[in-house]
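Visitor: Knowing the structure of chain A, use the given hints to seat chain B on it.
The listed protein sequences correspond, in order, to chains A and B. Using numbering that gives the first Met the number 0, the first residue of the first sequence is number 0, and each one after it goes up by one. Using numbering that gives the first Met the number 0, the first residue of the second sequence is number 0, and each one after it goes up by one.
There's no promise every hint is true.
[To be verified] Only pairs whose alpha carbons sit at most 30 Å apart, straight line, appear in this in silico DSSO-like list of lysine-lysine:
{"no.": "1", "chain 1": "B", "residue 1": "259", "chain 2": "A", "residue 2": "186"}
{"no.": "2", "chain 1": "A", "residue 1": "186", "chain 2": "B", "residue 2": "60"}
{"no.": "3", "chain 1": "B", "residue 1": "296", "chain 2": "B", "residue 2": "259"}
{"no.": "4", "chain 1": "B", "residue 1": "60", "chain 2": "A", "residue 2": "217"}
{"no.": "5", "chain 1": "B", "residue 1": "138", "chain 2": "B", "residue 2": "116"}
{"no.": "6", "chain 1": "A", "residue 1": "186", "chain 2": "B", "residue 2": "116"}
[Stated by the list, open to error] Pairwise CB distance ranges, derived in the manner of DEER restraints:
{"no.": "7", "chain 1": "B", "residue 1": "118", "chain 2": "A", "residue 2": "344", "range": "55 to 61 Å"}
{"no.": "8", "chain 1": "A", "residue 1": "176", "chain 2": "B", "residue 2": "65", "range": "54 to 60 Å"}
{"no.": "9", "chain 1": "A", "residue 1": "318", "chain 2": "B", "residue 2": "59", "range": "52 to 58 Å"}
{"no.": "10", "chain 1": "B", "residue 1": "93", "chain 2": "A", "residue 2": "344", "range": "40 to 46 Å"}
{"no.": "11", "chain 1": "B", "residue 1": "339", "chain 2": "A", "residue 2": "344", "range": "30 to 36 Å"}
In short, the hints are calculated from the structure, not lab data. None of the values given here were measured: they were computed from a predicted structure. Even glycine gets a Cβ: it sits at the ideal position worked out from N, Cα and C.
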Amino acid sequence: MEISEWNQIRIPLHLFCFSLHPLPPSVSHNDLALQLRIFHNNRLSQIDLQNVSKLATDITRLHAGHVQAQMFAVYVMCGAQEKDAVRLTLEQIDVVRRMCTEYQDFELVTSVQELTNSEMRRKIGCLISIEGGHSIDSSLAALRMYYQLGVRSMALTHTCNTPWAESSSKLYNVYQRQNNSLTHFGKAVVEEMNRLGMIVDLSHTSWDTALAVLKHSKAPVIFSHSSSYSICNHHRNVPDWMLHQLKKNHGLIMVNLHSNFISCRDEANISHVAEHFDHIKKVIGAESIGIGGDFEGAVRFPQGLEDVSKYPALIQELLHRNWTENELAYVLRGNFLRVFVEVERVIERHICTPCLGQRSELAIKTSSACIISLARGKYVILHIVFLLK
Amino acid sequence: MLSKFILALYLALGLSSCAASLAEDQHMTRALQLMSETPLIDGHNDLPWQLRKQFNNELNKVDLNTLETTHTNIPKIKEGRLGAQFWSAYVPCETQYKDAVRQTLEQIDVVHRMCQKYPETFMFATSSQDIMEAFRMNKTASLIGVEGGHSLDSSLGTLRTMYHLGVRYLTLTHSCNTPWADNWLVDTGSEPSQHNGLSPFGKQLIVEMNRLGMLIDLAHVTVKVMNQVLDMSKAPVIFSHSSAYSICPHKRNVPDDILKRVNETRGIVMVNFYNDYVTCSKTAKLSDVADHFDHIKKVAGVGIIGFGGDYDGVTRLPEGLEDVSKVPKVVAELLKRGWTDEEVKAALGKNLLRVLGEAEKVRDSLNGTNPDDVPIPYEEVKNTCRTSYGYPNAGPAHSLSTLALLLTLALQALIALTPS
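Next up, chain B with everything else stripped away, as it sits in the complex:
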């Protein structure tokens, strides 16, 4: 009798385990099916930074088909069904007021060259249309986001030329204030606010980004900046790699009232997988990541959710999500939690496509508006690595610099009198 009971128990356990695994297989199968219909568009990956750190951007010394020292390589991308990626053109805050611009150009360049070197895998993209075209060709659409306003060196001309180089979002700050915007560390109390959000030039930048059709990324900024941008931007905004503050109260995450505003303005919050932002501790599990998806959906609706893994930009990732090949497991988990196919597709890529499409419409509606040519006041940016050429009324030091410019021209003319 007892032996029959034990046998029945084992059978029941075995069957339920098979059923569970069958269900999981079904969820994964369903996830992969949905990912074949709608591209997974991830908002932020720092592979270009790893290429710089590990290989000094010398692509001939690395094979992305076999690279094992990063979260991202080509086989993992394929396994992870990555349909589109915003590659981060990031340079450290230490370069601010030094050679940030040149280093950023180098990061933009390495993304272009990566796409040229592996054309069967990557297709460089700059629009919602490009993303869908790449998806149809079974390639990963490759876009660029510049991570940190310090990369612009407070120059609208630099913003415009980077747009021409294919950059399609700018994270307004990284972890340092710019001369025109406060970063998230101000909200932790570890740094003083310099601008109470955005300075007047910072607001000029928002208007110019709308005019160009460049997405405004609010990951890394203060709540004050978030609110100011949500007030004034004509186009929806993004958080390329931030999670839910209510689940993990880290100042890099997005509080509920902002989530609601993002919904009202039809923007997107792309969930970051970094353990410290997922559980506010050094460890996390896949289900903790899914909790963020559930929370954002509950508070603000499924229309604002996306994926922003932050792979190769962080060192601690959840168990089960160690590299980009594992992302379909998140999708399977959402299905398991009762997300519908349409909700999953919205999170995978449709929300981002909507946001990008609306930014493009705003750009088109502003066609004919002249570019902003008002420079930042010199006193807001002066430093030892910056010349003041062109500033006519910026005070004695700057008049001196313009005078130096004119004197140098005159001196060159004088030198021209003297044959060698």
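Next comes chain A alone, as it looks inside the complex:
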């Protein structure tokens, strides 16, 4: 199917098993797994997720907010890059899998069909997303194995550059380079994600990297938790010219609710949030918008939107601003499903046996005390830097 045909894809409203009053939200980004690591070292046995007062997310409030799916980020800190990022990522994937198995309210989902089924069963669908390409340690094999573990999207960077993509943040001074925002290997990562059916997420990437990806990806991409730069000029947000590129890609921007990205100040309210929705709708249309959330991944949220139970308040505000129920249905769920459907369709177009194994091990120049390299052709161990024992 050609890109020009993508606008034919619509998810019929009758597939949505919800009542329109109040409208339930769609998939949004949530960092609960990070909090489980910080506060409990992933010891699920020490916590009851039905009610967790110190967090913005628990099962009771997810139900109250009529949330029916969350993209749980398996984020690991940038400080783990070139150290134990891969192991930490596996442990975050493990804690989300355990959480979504041990609690009957949750159900792990890895496809459009499963997401739809979980909604029918009134379960909260758990999608797994990686937040930062440092989790793959520049290995396409690791990417593939994460996919097999259920990961269905990956943000190419967090607040640190990887050897192959740039972050919007300068918090970490690593892999700085000029005019190479998405390297040859970075393009291979995007291609492999397209081939597997993993959604490419551009939140946290630099604008140059995002633009390069938008030109290279064969599938629609998302900004899983980013807002409008025109309304709040923060580097984590998306400028209008990028929104136009996203529109051409038939991608999705999922509005981040963190106050500092909404109002560019510590405080914000629902009206400020709604302005982002209004602006993006004006620039590229309601069919390109979703809800990003970012609960548990940030510390300040707008008055009236303090936790996951408050989503309906946002919907009410948009209704007051003359958003139609049809538009809201697509913002809540339909647009994300459309993207996910098309990402799955791209898998089918990519089925080609010769692709398997190509670029499985592109050479990546890294220097680290924590990597052992094997040169092709002979067994040579290069101790790049001595390890202090």
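Guide: Just chain B, lined up with the frame of chain A:
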């Protein structure tokens, strides 16, 4: 008169030679017949390591139909009647405390891709049922064993995710201690014991492996570890590629008292063909390998025997067993030594199927037990390539790391105040 005598002698020699060769042909015919009824399940093959060493895992640069630089290729697999194989996902001990986990994921990935590239030959498998299904379809069931606890980086979460990726056995150590288990070199005296067998976390790992249904492989561990695991495991254990210590007293082999314990606990010892473990010298013959089979049968019963050739993981193999196509000759030799059909079938695959089936039953009986979420104490694993994120009470350095985590989040929030 003399000429008639000489003629008679020649005739007798000729006839006996024909008879011998006829008998050998009959044994081989019988062997191949038995191998068509019961799959040969081999416990350990390092082809994935060769794929990494020789081709950097770039499968598009190698054709397994014509590859000549390994003990294993597709025509040899077919000729050798290989019904099922545990492919080893091995990474060297040098990667411990560095990038062992990522490299292990790459080895797991290459097995998956090998099966996807050659679907007419391989069928990826994770259960006793899968093995039989592949056998019915005349394919080689392909399972994965991770060779060395260092691949887990002391993480139960990593163990569980590797199980989800299809790994069905873990060799607790390779030739290096982990932070929680001693390796066989300790028994040679060349390395000090760190844990007197298994540490408390090592014991947690055994319990978790039983819960998951992952086979515990005791090749490469100390005798102390063998005994501790045999004491505590609810499921039978395996030795994926070890031979009999009584025949060749190499510390990689299994002493008689352990063989008996394996029998009592209904486990399996899968005989390694590496010359150094077969004859304790650089050379060996096929009959030397068969001696190990005979010995284990005598001491502990035929119910614990299997095949664990270690092809593509070693450089010296017995005369007559140079590659995987030759394995039926071992079967023929056993028949020649008087093994019954049932005994041969037990060794070929029925014993392993029993062990795997029982591990699956133990898993099912433990369904509903919660996963173990107690991490290894930080002081047992700290090194320069490991962060301490999440450890709240691990001492000043680790509180500092958790503090660093929280500070970084706060700093990110602060940075968020500043538009670019």
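Visitor: Taking the earlier hints as the rules, which of them does this structure contradict?
Guide: 1, 7, 8, 11
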